[in-house]
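Protein chains in written order, with the numbering used here: chain R, -19 to 172; chain L, 161 to 428.
Some clues are possibly wrong.
Which residues of chain L face chain R? A partial, calculated answer using Cβ under 8 angstroms [said to hold, decoys possible]:
1. Ser173
2. Arg174
3. Ala176
4. Leu178
5. Ile182
6. Gly185
7. Leu205
8. Leu208
9. Asp211
10. Val216
11. Ser217
Note that these hints are calculated values from the structure, not bench results. Just so we're clear, the structure is a prediction, and the values are computed from it rather than from any experiment. Just so you know, even glycine gets a beta-carbon here, dropped at the ideal spot from N, CA and C.
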Amino acid sequence: MFVASRAIMASTSVEQTDEALVEAARLGDRAAFGVLVERYRALVYAFAYARLRSREEAEDTAQEAFLRAYQYLPDFRMSDRFGGWLMRIARNLCTDVARRRKSRPTEELSEDWMDHSPTPEMSAMVQERRRELTAAIDGLPEKHQVLILMHYGSGRSYREMALALDLPETTVVGRMAAALRGLRRRLGKEAR
Amino acid sequence: MALSCIWFRRVCSRHAVLCEPIPRGSRLERHLAGCAGCSAYWTELRVLASDLDRLVSVPLPAATCAEPIWDRVRPPARPHRRGGAVLATACACGLACGLAWWAIRSYERPEPTKVKLVKSGPSPFDEKMAAAPTPVPHEGIRENRAAPETIRVPREHHVKWARNTIHFRPERLVTRESRRSRPAPALDISDSPEALRASGQTFESQGDSGLANVAYQAEYQQHPSDEAAFDVGRSAEESGDMEHAMNAYAGLLDSAAARTQPEKGWKP
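One chain only, chain L, in its complex shape (with noise of 0.2 angstroms):
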């Protein structure tokens, strides 16, 4: 038997099953027109079918198969494992609750930091400042210029020196973003000293120290003080400028050296 003869015949056998007659004009059919022993097949098949249609027959049940259900049903079982299911969802509840606390909590705004408002003095550095004597300018600037006027930094920008106080800085509350869409402050080194020292203040407080070192440097052009040279180093060693920290102390120490020495040589 040929290959398309084995391929043929499955196409007939599935025909007979549906009960299909073969398509017109197909390769099937052209095929059990040449082929005897495809077309044999074909019409046994078909009398199979017929036959089974006919001959084959399964015991109807009773017409009382369905009424006896009745008779042995019980009220629906409740859903088994339903212990398990009340404790599953006590479980549930129970994590949908801790999720929920949870998440309130890490949405809360933080409470701001209290500040232990302590009453302290000045720092060690202030009291050593305060006992040295009244900057005296150099002689010959003395001529030209004023006696140097004290500006006090504000009190809130005092470093506390007191056991667990925190320097409380609001500015450092603002966000950084914040803090950058805000307008910079422009900076005129043309400005009168104090308001040049304001400046630097302003940006100390706003972390820019680096700017605040340039208005100190301004500051300390315009009116030289121990005080303006002092801020200059500071601002410069926050900023990170070492070298020009330690110049600025260098300064500041010779200078204090300078007016505490007596004069060196002999007088008459």
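Bound-form chain R, shown alone (with noise of 0.2 angstroms):
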């Protein structure tokens, strides 16, 4: 987790680190946290959304996780790893909404995907297998969904996903490799 954490705050930022960063919101400084919001809301909402599949909920989940960040950053403790805290707060606050509400929503995904189908039975085509795909997604355990619309949705990648979820980075490869498994599984019944 660490090492990931590392790499992400290496890549997303030359010029401060999430500790100092950190350091500078607990004296008062909001512009140093609101680095720190834009560095990590993208990661958050992905999450929130992979796992409460409403995008109301997840930008709500999304802002009370850096509400909270901000309000218990006196007790944040400077050895651990901002981004892993952060994640942290944001999984339970997921938890806690998933088990609020009674039923799972069906949302749709995104409508927003880019259709260059040159023809409209092509267009048909495209829209028919992506009816398709977003079934057999639902149809997938939990574990799985999440990590298909983060890497494939929201485009996170391998290191942002372990650091989200709290696993080694090899896990969570060996994990979408099964769930593209059991994704191929699901469309193959579905076809016959």
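Dock chain one against chain two, each of which comes alone in its own frame, and use the hints as you go.
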């Protein structure tokens, strides 16, 4: 986890480390915390959406996660990684939200995908394929759904996913391979 | 499906997930070249990964998603359990002070024992000995030797019989190591009786009763006296040689009885 956090930190900012920003934010520097929010917002939102499958709930959860992180910054131990700590807050919040609601919404995935189909027939085929994929993803276990949505839907790297899920990167890759095999099996069953 | 196919398909899925090509010349490539089922599987997985990458997308968060955070932000919370932390700190400080006090006390040098000097008289045994008549050497010896000179033991080596009195002998306070390292005084039994007595007293004050006994015996051999006999007995008793001590005391009593009792037999 630390390796993943450090790698993200290095890739997203070369000027200031998370630790320096956290230290500044502790002293009341809102701009420093704003940099942290900007750095981790996409990851927190991607994880929240993958868990909750609702844009509004994911946004609210991401906001709540940052709010709690800011409020409890004095409790943050500098020996920990801020990314891991923040994602732990996000995971707990998502678990609370998912537990509170009775049934799981089946919100359609985004329609913002790029369709460069030259003909209406091709467009219809693509749409059909997309519907199949969505149905197959919904049939997967939640841990596989989260991985597929974070990686293919939000474009998160395996390192970021490892940080978000508090798992080793190799485990994330292995789970993703299992998710792909399961998805292929489901698509094959639906095709038959 | 062969077991090797199952294993190769698992490897294929990892390559598809990581978007890596099949390594050239690898066993997997040779297997895919010879196995139509696995080759089709590999193609399916690549198509599936491509479709997922192309068709699955997550709605982007609103651009203003992060802004409302600052409307809800309150000043950073004071660390809860602050009272507990203060209490724990106070307890830790108290404990540290207690430990420091204990450590200082334990490292303090003990005060020297205060000796209450009480002016006291000689012991009952000394009184008894003083009341006894002056030792008279044997007739045969009297001719050759001078009258015994009474050598008194220095006063600080007297046993005090007064109440609440501790016999303070500074030599006892030296450590055993320093005592061992101190060079032992040489004992020459050809010394004068006074020198032998002084040596015996020194050995005795150093706790070496055996050597003191030797010195007193040498003194007694050179200059027999009741005092020397008593010292021989006392030092032998202190060194644990009870038989020798009893002999010395018996001899002392015999000589005292011979002096005090009238001569047997009728004399006109």
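Structure-based check of all given hints:
1. Ser173: 4 angstroms, holds
2. Arg174: 5 angstroms, holds
3. Ala176: 6 angstroms, holds
4. Leu178: 7 angstroms, holds
5. Ile182: Cβ of L:Ile182 sits 15 angstroms from chain R, so the hint is violated.
6. Gly185: Nearest chain R Cβ about 23 angstroms off; hint violated.
7. Leu205: 6 angstroms, holds
8. Leu208: 6 angstroms, holds
9. Asp211: Interface hint status for L:Asp211: holds (6 angstroms vs cutoff 8 angstroms).
10. Val216: 5 angstroms, holds
11. Ser217: Cβ of L:Ser217 sits 5 angstroms from chain R, so the hint holds.
The structure fails hints 5 and 6 (numbered hints given earlier, in ascending order).
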